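Quick mapping for you: the protein sequence lines, in order, are chains A and B. So the first sequence is residues 1 to 203, counted in the UniProt record's numbering. So the second sequence is residues 1 to 203, counted in the UniProt record's numbering.
Hints listed in this document are in silico derivations from the structure and should not be mistaken for laboratory results. Quick caveat, the model's predicted, so the values are computed rather than measured. For each residue, glycine too, the CB sits at the ideal point set by N, CA and C. Heads up, a few of these hints could be off.
[Claimed, not checked] Facing chain B, a subset of chain A residues (Cβ under 10 Å, in silico):
# : residue
1 : SER41
2 : GLY42
3 : GLU119
4 : ALA120
5 : GLY169
6 : ARG179
2 protein chains.
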Amino acid sequence: MSELADDIDDRRRSIGARRNPETEEAILEAAEALMAEVGISGFSIEAVAKRARAGKPTIYKWWPNKTALLLDVYHRRKPANVHMDTGSVEGDVFAFLTGVFAHWGDTGAGQVFRFVIAEAQRDAAAAASLLEYSAERRIQSGEIFQRGIERGELSADIDVGLCADMLAGFIWQRLLTGRIERDPGQLRRVARQMVRGLEASGA
Amino acid sequence: MSELADDIDDRRRSIGARRNPETEEAILEAAEALMAEVGISGFSIEAVAKRARAGKPTIYKWWPNKTALLLDVYHRRKPANVHMDTGSVEGDVFAFLTGVFAHWGDTGAGQVFRFVIAEAQRDAAAAASLLEYSAERRIQSGEIFQRGIERGELSADIDVGLCADMLAGFIWQRLLTGRIERDPGQLRRVARQMVRGLEASGA
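Bound conformation, chain A alone (with noise of 0.2 Å):
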């Protein structure tokens, strides 16, 4: 894990009381469970609660909100090889592309994060817990055009995170309308155009 991403889960952890390690481990598998057999419709904090024989303070010390926690249980689950450093900015944003996809694609990932996505247009608490996970994302996946930059392959002067931006707009918007990629040309295809762009003398 990178330093930044670090200071973030340490700033997290830091944010309201200390989480007992046993006690967060049993609530996130409940609710995981949970998710699994009743679906998003079915899912409450009380009946994790119930599940994971924890007080229902408990959680909401630690997630605010129901969408806090889907969050969690949704990013806790996603493979390590979605931030990879394959040696260059096209294979890192391949990998990441083909890791989220397959995540979203083969488990019920997708499924849950399109219903956070979904709340949080209802909802301030869901939102503001939506757009706390996106900031970090956004650091996260901007840490692969940082490394570009580092390694002098890409120009210095690009917005990292406006690439972070580009990047989580291609698969949100495609998981959103249904359409999640998983044809390794067409998304060898998005890398390319995202890193040499579009213009003929690129060609």
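Given chain A, work out where chain B should sit, using these hints.
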């Protein structure tokens, strides 16, 4: 309007019953006024029918669901300058981003579109309407890149649909995380990075 967009319009009009232009206008006006007054939570086909003095069956004949009607209300107010031929792809992308974000930020249009996307994550009919709508927009904004190929500005082997997806993805993700971008400098940078790429050699 381009031939492609005309074709889509013709196709849409030919699906289902022929619309009476005056009644259609009255329904769209009523839907728009209702949205402005009561917002999304109070919006229903029943209330639109009452206000437009139209029958509910008439509305359902032309719009299969609330989402389809909202998408028409949303789209007909989109300013024409969103799709401009400025003579360069960077110029066109900049005009598109500026126009859409202004439309979303200055009117209630952004809220309507957020609601539509959210609804599509939990309702299959809404999802179908959103998919149809976004497929049409994909062709329309793809023309920016198609024109670039025809001018010899862009490489002939780029994937126009993927370019349109990247563009849509950026604005969707910004809308859904409440980060509508109004800084022309940032929007010019998005257009530049997209067209010229990120590589150091291109700097």
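Contradicted hints - numbers only: Violated hint: only 2; rest satisfied.
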